[in-house]
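As they're listed, the protein sequences go chains A and B. Residue 1 is where the first sequence starts when you use my numbering, and the numbers rise one by one after that. Residue 163 is where the second sequence starts when you use my numbering, and the numbers rise one by one after that.
Source of the hints: derived by calculation from the structure; they are not laboratory data. Using N, Cα and C, we set each Cβ at its ideal position, and we do this for glycine too. Treat the hints with care, as some may be off.
Unchecked claim - Derived coverage of chain A by chain B (criterion: at least 3 residues anywhere in the stretch with Cβ under 8 Å from a Cβ of chain B; other residues may be distant):
id	region
1	54-66
2	91-102
3	134-147
Claimed, not checked - If the Cβ cut is set under 7 Å, some of the chain A residues that face chain B in the computed set are:
id	residue
4	Q7
5	E11
6	F12
7	W27
8	V51
9	S83
10	L109
11	A113
12	G123
13	S124
14	P127
15	F128
Said to hold, decoys possible - A few chain A residues facing chain B, derived, Cβ under 10 Å:
id	residue
16	D28
17	T29
18	P33
19	F47
20	D152
21	A155
22	L158
23	G160
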Amino acid sequence: MTFARVQRPSEFLIVGILAALAGLLLWDTLTAPAQSMERGPLGPTVFPIVVSCMLLVCAVGIAVDLLRGGHGQPEEGTADDRSDWATWAVILGAVTLVAVTIEPLGWVLAGGALFYLCVWAFGSRKPFRDLGISALMALGSFYFFYSVLGIDLPAGVLQGIL
Amino acid sequence: MIETWHLLAEGFAAALTPTNLMYAAIGVLLGTAVGVLPGIGTSLAVALLLPLTFALEPTSAFIMFAGIFYGGAYGGSTTSILLRTPGESSTVVTAIEGHLMAKNGRAPQALATAAIGSFIAGTIGTVLLVALATPIVKLAVGMGAPEYFAVMVMAFVAVTAVLGTSRVRGFAALAIGLLIGMIGLDAQTGQQRLTFGMPQLVDGLDIVLVAVAVFAIGEALWVASRIRNEPDKPIPVGRPWLSRADLSRSWRPWLRGTALGFPFGAIPAGGAEIPTFLSYAAERKLTKHPEEFGKGAIEGVAGPEAANNAAAAGSVTSMLTLGLPTSATTAVILAAFTTYGIQPGPQLLESHSDLVWALIASLFIGNVLLLIINLPLAPMWAKLLRIPRPYLYAGVVFFAVLGTYSINAQPLDIVFLAAIGVLGFVMRKYGLPVLPLIVGVILGPRAELQLRRALQISDGDFWTLLSSPLCVTIYGVLALVLLWPLVRKLRNRVAMSASSRPGQAPSSESRQEEVGESTSLAGSSRHETD
Chain A
1 MTFARVQRPS EFLIVGILAA LAGLLLWDTL TAPAQSMERG PLGPTVFPIV
51 VSCMLLVCAV GIAVDLLRGG HGQPEEGTAD DRSDWATWAV ILGAVTLVAV
101 TIEPLGWVLA GGALFYLCVW AFGSRKPFRD LGISALMALG SFYFFYSVLG
151 IDLPAGVLQG IL
Chain B
163 MIETWHLLAE GFAAALTPTN LMYAAIGVLL GTAVGVLPGI GTSLAVALLL
213 PLTFALEPTS AFIMFAGIFY GGAYGGSTTS ILLRTPGESS TVVTAIEGHL
263 MAKNGRAPQA LATAAIGSFI AGTIGTVLLV ALATPIVKLA VGMGAPEYFA
313 VMVMAFVAVT AVLGTSRVRG FAALAIGLLI GMIGLDAQTG QQRLTFGMPQ
363 LVDGLDIVLV AVAVFAIGEA LWVASRIRNE PDKPIPVGRP WLSRADLSRS
413 WRPWLRGTAL GFPFGAIPAG GAEIPTFLSY AAERKLTKHP EEFGKGAIEG
463 VAGPEAANNA AAAGSVTSML TLGLPTSATT AVILAAFTTY GIQPGPQLLE
513 SHSDLVWALI ASLFIGNVLL LIINLPLAPM WAKLLRIPRP YLYAGVVFFA
563 VLGTYSINAQ PLDIVFLAAI GVLGFVMRKY GLPVLPLIVG VILGPRAELQ
613 LRRALQISDG DFWTLLSSPL CVTIYGVLAL VLLWPLVRKL RNRVAMSASS
663 RPGQAPSSES RQEEVGESTS LAGSSRHETD
């Protein structure tokens, strides 16, 4: 086997993720309490073990492919494109923030903040217009879900006002 | 047979009154409006709007219901195409090529081929429902666990090994999907798997959550990370109508999708997902424009959309004749029937034949109205893409979070959404296909269930998996598909060593083939060691 130059070292992240998932699944399966209800020739552990082996085999396969100079084709652009991690982190942070704030603050504030942060991260710099649109989206979706679909989104601190 | 058509005519007579037509039109509009919300699919749209029909007398309720049903389905496809936020597992495939078409300024064509394909498939499917109800029921009853397992393995291999450039990456994505699908209680023993003691994970992750995370959040993160590489240019909207070339490329996928969709919809445990996956795989193999797949090929929208709608008609067949809902949407219809005190099942056609035929006639009418109302609106929907990029993607994230939260009202779901979104981003960045992951999540649990059921019935005898001609045929074809690159490589090697003899020039064609196959071969041969 000839080892060509690895094109993108960061691509080994995929190998790591696959191996980690395989390990996690194996650990979860092997440490599970024994089942007294087990019936039939295949218990609840067989399928997880097969899948973790499949993950491991794929991890090894991709590692070998990378060492031989292979690479996964990104969806668009080329592997050399620079990544903008700041923008990326703001989007991810904004989504996670909603998980924390949706119940205490309510959907209108949490969702409005989410929309505003995303618009800002994606490059719009018109604070007044953007805040207005965010408020409109948050309130609009709240009332649409409430009145048309009959789903009560959490009102949070605005309970009683909305 | 003649009596059947007579009954159908009576159904039309009952359904086709001006008032009922108005209800149908309202149903189509409301269904589209709700279905077009990202993350809300047909079944959820129907379930949310169902209470509106309760005030009406049964015939009017059913016709409005049929309108909601088709409107919701079309609305779901619209968001899949425009925003890549599928509301239901059966429109996940549409999101792939459809959204790529939209990015290339061909959103109206994608929407139009989806609308016409759905119309044709829905109409043919409903005709088949009228004509074939009885034989289909017989076929469905004859299929057992081994056959279902074989069909699911076929779907796994079809989307993983046949599509994409790197088989090993396809199988890696499939394995991740199978792992996600395993989260929750084991259906047979109640054993908790991968729940880590979290009660929120006991029911597993909702498929809509996974799909929205991988597609919408993954896409938003991907665009965010590349924001400096691509200037903000509004996506072109292009000319609004299907060209003659689009039509000639669409009609075969429409018919093939219909042929795949109806039988799968009609068999219990079939559902709409498998035929959409198979249709996509088939179109990708059969297309005359393979270079367009992955960049927005119209066949990749036309086929799966038709398959989805034909499967819907098929699932109505088994719901009416067997009382078995094979899709989420028919489960909701079943609920609607029971609120009127009607019990679907083999006796339904006799006990309430007037209602059944009114419903079937309503399905025809709803389908026609959908086409009339939505085809002219396609260019208008497509203008949604004119929204500047910050607002468009902020909207995608916003609705993805909203849709996810509204499934279970669980804040923790949003954390899972973010985590799987990061996974979707990494997969995009390093060229792992996302479709096998989705297929694994949806079909993995069902495949495991059918396999274990089959082996329980046979008391551990693995030969039961090969006990019927259908199973043997499916596994035979799969073995051929998986082994073919290996065979070809061996043949090429023989040819190369033969041609290295003096006087024979190596054929450049076989060389090229070997280079092309080497990566995919690595994947397939490794997989067989599993």
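* Asked: So which of the earlier hints does this model not fit?
  -> As far as the earlier hints go, 4, 6, 7, 10, 11, 14, 15, 21, 22, 23 are violated by this structure, in ascending order.
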